[in-house]
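J.: Now for the letters of each chain:
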Amino acid sequence: MKKTLMVVLALMLVLSTLAACSKNNNGGNEAQATPTATESASTDPVAQSNEFGWELPKKTIEFSYYAGQANPDKAEKNAKQLQQYILDKFNVKINKLVYDVKRDERQNLMLVSNDYPEVIAGMDEATVSKWVAQGKAIELGQFIDKYAPHIKEQLGDLYKTYLTDGKLYALPSYWGLLPIPDYAAHMRYDYLNELGNPTFETADQFYDILKQMQAKHPKNDKGEKTYALSAYAPVTTNTVPTLAGIWGLKEGYKVTPEGVMTHWVNTPEGLELTKFMNKIFRDGLLDPDSFINKYENMKAKMSTDRVMGYVGAWWIGWNAGHELWQKADTKWTEDKRFMQYALKAPNAEHSYMSGKNARSGNMTIITDKAKNPEDIVKWLDFSMTDIGTRLIGWGVPNTDKSTWKFEKDQPSFVDAAKQAILDSTFDYDAGELIGMDQLNLVSPDGTMKDDGKSTYWYDQNFNEEAKWKKMLNDNLKDTIYDNTFGNIPILANNPLAVTDKQITDLLETLWSKAVMSKTEEESVANFKAMQDKLNAAGLNKIEQFKSEEYQRRLKDWK
Amino acid sequence: MNKLNQLNPTASSQMKIRNAMRSLYRERQLWLISIPMIIWVLIFSYMPMYGILMAFVNYIPGNTILQSDWVGLTHFKMFFDSPDFPLVLRNTLAISGLSILFGFPAPIVLAILLNELNNKRFKKTIQTISYLPHFISWVVVASILFALLGNEGILNDVLIRLDIIDQPISYLGEGKYFWGIITSANLWKDVGWSTIIYLSAMAGVDSEMYDAGKVDGLNRFGLIWHITLPSIRSTIVLLWILGIGGILNAGFEQQLLIGNAQTREYYEVIDTYAYKYGIELGNYSYGAAIGLLKAIIGVTLVFGANRFSKKVLDTSII
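One line per chain: the protein sequences are A and B, in this order.
Residue 202 in my numbering sits at position 202 of the first sequence, with consecutive numbering throughout.
Residue 289 in my numbering sits at position 289 of the second sequence, with consecutive numbering throughout.
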């Protein structure tokens, strides 16, 4: 009996193994039965082009690229459909690598261990120079004229700004100028209507209205205290540059036409904006946790009706406001939202709230591990074209989940997806699954050259038709400016990087003291003390460095 | 012997070597057993010390340390010249000093109290409860502190309800409270855990000594003072010396989690500074220099404290 059982079990094992093998083979055959671009190309001696105008390579172009810090499982899941589409249609296999480790640390580890992929994206320019110095980044200029006709054409005047001694080692991603605002003064729109929709232009008028709102709603439904204004740390990064823009400064700097840059701390405008914040604090209307809040803490307060206003990135009022309310509250009406406004101080010539850096600091290199760098350059060249930008930005076309169609060489939006954007019901998670913004190596996020209006970010394509977005853009259109020359980061390989970090840390600490002073005199004294300490710590050197670089750019880039 | 040394130093050193060899031969089995451990220590503890050189060069990832440019003491000088140096040193010494001041005697007192409990079940329960905070991560501790001491935390709520204050006090947003909060949190977290070693030392005290003490008329406090404490003196000294050696270990996670921009002038310590300005900025050499400086001070303090206790208390660890 025991023997029989053993024989039966053994037979079952053998048979199931054979069956499984047979199934695998069949599966493999099935997969092979569908001709891929690789095969169709490899069997065809004449090079073919696909509907995107891409010349199909005879041999699959395959490369891996490191994309930075992210959840590997999520990144794999989101990139999968677009990767497959690109393999099928273009015969290009792109392997995206991400790790749940800080980008800089991983890049340094790659450099030390000599273990890195053919392409690395999302590098800052200091890291690029480090890789170039080690001879591990390939010079791309040699391939550009031969294999990449679109790169120079698309980058235009920007191209020369990426050259180092006439050589090109890296190309940017997310470059270009999209003329939509990034920063704003936020205010509760429904409460503004309650007050009869008064007009306002200056920061003081803005605060007066917030104060009236707070007086009308001193507590939320749960009986918790409300505040006129809130912020989250670091406030000197998240709020102050926008605030300084209201006083006519550009990204926190006063810039003369000759290119002399002065940090806001060393300007009278800096003192004015500090007094403005101190007044709100002294009135007891500034969220006392403003310098401690993480974004999530502030979001919790904004979404529970405890905050009347905020100054900073436009999307915060949306993310912490109606995007939550419309899902959670069945009685939600569309007026219950934060609206974004422009402000201008009375003495300011102009309000500069949204500085745009067309150049971008997000660089992509091809490393010395690439056996056929010219093939990768060809893909980068395609990625930079307008249709390539659509594919990378909007994801896989022509499926039932797609947001766009590409038929008869013409791109068009899917009505349902467009309507979802207009209704603010678009499912961004589903968008990621079809590959939206998942494989950007060099794609721009400005407006496209072919129609002069489409853009990489799908949801920014319908701003004129989306009521609230249009209102936001109309309110803020005069506050946008090109800050490509003024966006001067101090890179990690610069000895001033330590000074810059010290100043950034000191600034947040010392400014919080000036804002949270009990009297205006104390606030002014704390502001002056901050000025002295920061200049002693090397702020003047930073200003000098930035001025010199700005002047160099004026000379070399114009 | 001294005379022999003076007269014939060569003969003396030869004799020392011969004695060492003899001892080595006599203990050859022990040495054989130790060989794997010695190799392990050499490979994993001493060989990496080659990395110390990083503090004296301009290390760039991708190059080896020996390929990097030699800069001598530049990174040390940079740290001393930094505007943050006095602040960082002050905070490190203050937080560690407070931890030693309160955190060192507290477990001794608690261990004595536990040792005096007669009900074994109750004693074990209290012991277990006192160990628990040690296993709570600093992330959770920070959340508890925010809930307790935040502007809208329980403490402010209670004080306002009792009409003791009319505006909330920003305990976590004002630097002057930070040292007290961090010391209390350190104490709460580790006091129970640190009693283990003292309790085990107390368990080794001969019970006949207590009987003799009682016969001599000592009361409970007398027994603690004259028998328990002197019996665990060597343990206390050992932990004190080690504690002094770690005086520059003022913490890391707790500072980063509980501290914020408003309290930076009170929370930034050597380790957080080395992390932010060394590792985060990719200045590995700068970080290594700060770490090396801290290690040198730590070792010096261990030897200093050891010497002091040898002279004053006639007890030492080396």
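Everything labelled a hint here was simulated from the structure, so no lab data went into it.
It is possible that some hints are incorrect.
Derived pair list, reagent style DSSO-like, types lysine-lysine, alpha-carbon separation capped at 27 angstroms [said to hold, decoys possible]: (1) A:Lys58 / A:Lys74; (2) B:Lys294 / A:Lys501; (3) A:Lys533 / B:Lys120; (4) A:Lys533 / B:Lys276; (5) A:Lys275 / B:Lys294; (6) B:Lys176 / A:Lys279; (7) B:Lys176 / A:Lys102; (8) A:Lys470 / A:Lys356; (9) A:Lys225 / B:Lys176; (10) A:Lys541 / B:Lys176; (11) B:Lys176 / A:Lys294; (12) A:Lys74 / A:Lys216; (13) A:Lys102 / B:Lys294; (14) A:Lys528 / B:Lys176; (15) A:Lys501 / B:Lys176; (16) A:Lys513 / B:Lys276; (17) B:Lys77 / A:Lys501; (18) B:Lys77 / A:Lys533; (19) A:Lys555 / A:Lys167.
Please read these numbers as outputs of a predicted model, since none were measured by experiment.
J.: Each hint: holds or not?
T.: Against the structure, the hints come out as follows:
A distance of roughly 32 angstroms separates the Cα atoms of Lys58 of chain A and Lys74 of chain A; the hinted pair therefore is violated under the 27 angstroms criterion. Under the criterion of a C-alpha separation no larger than 27 angstroms, the hint pairing Lys294 of chain B with Lys501 of chain A is consistent with the structure, at around 22 angstroms. For the hint pairing Lys533 of chain A with Lys120 of chain B, the CA-to-CA distance comes to about 60 angstroms; that exceeds 27 angstroms, so the pair is violated. Under the criterion of a C-alpha separation no larger than 27 angstroms, the hint pairing Lys533 of chain A with Lys276 of chain B is consistent with the structure, at around 20 angstroms.
Annotation: proposed proximity of Lys275 of chain A to Lys294 of chain B is violated, straight-line Cα distance about 42 angstroms (limit 27 angstroms). A C-alpha spacing of about 24 angstroms is found between Lys176 of chain B and Lys279 of chain A, which places the hinted pair at or below 27 angstroms, so the restraint holds. This hinted pair does not check out: Lys176 of chain B and Lys102 of chain A have alpha carbons roughly 33 angstroms apart, beyond 27 angstroms. Distance hint between Lys470 of chain A and Lys356 of chain A is fulfilled; the C-alpha atoms sit about 19 angstroms from each other, no more than 27 angstroms.
Of the supplied pair hints, the one linking Lys225 of chain A and Lys176 of chain B holds, its CA atoms being roughly 26 angstroms apart against a limit of 27 angstroms. Our distance criterion of 27 angstroms between C-alpha atoms is broken by Lys541 of chain A and Lys176 of chain B, whose separation comes to about 32 angstroms. Between Lys176 of chain B and Lys294 of chain A the alpha-carbon distance is near 22 angstroms, which keeps this suggested pair within the 27 angstroms criterion. Our distance criterion of 27 angstroms between C-alpha atoms is broken by Lys74 of chain A and Lys216 of chain A, whose separation comes to about 45 angstroms.
With a CA separation close to 26 angstroms, the supplied pair Lys102 of chain A and Lys294 of chain B stays within the 27 angstroms bound. A hinted pair counts as satisfied when its Cα atoms are at most 27 angstroms apart, and Lys528 of chain A with Lys176 of chain B qualifies at roughly 22 angstroms. Annotation: proposed proximity of Lys501 of chain A to Lys176 of chain B holds, straight-line Cα distance about 24 angstroms (limit 27 angstroms). A distance of roughly 22 angstroms separates the Cα atoms of Lys513 of chain A and Lys276 of chain B; the hinted pair therefore holds under the 27 angstroms criterion.
A distance of roughly 18 angstroms separates the Cα atoms of Lys77 of chain B and Lys501 of chain A; the hinted pair therefore holds under the 27 angstroms criterion. Note on Lys77 of chain B and Lys533 of chain A: the hinted pairing holds, with a Cα-Cα distance of about 20 angstroms set against a maximum of 27 angstroms. Between Lys555 of chain A and Lys167 of chain A the CA atoms are separated by roughly 19 angstroms; this keeps the pair inside 27 angstroms, and the hint holds.
Checked against the numbered hints listed earlier, the structure breaks hints 1, 3, 5, 7, 10, 12; every other hint is satisfied.
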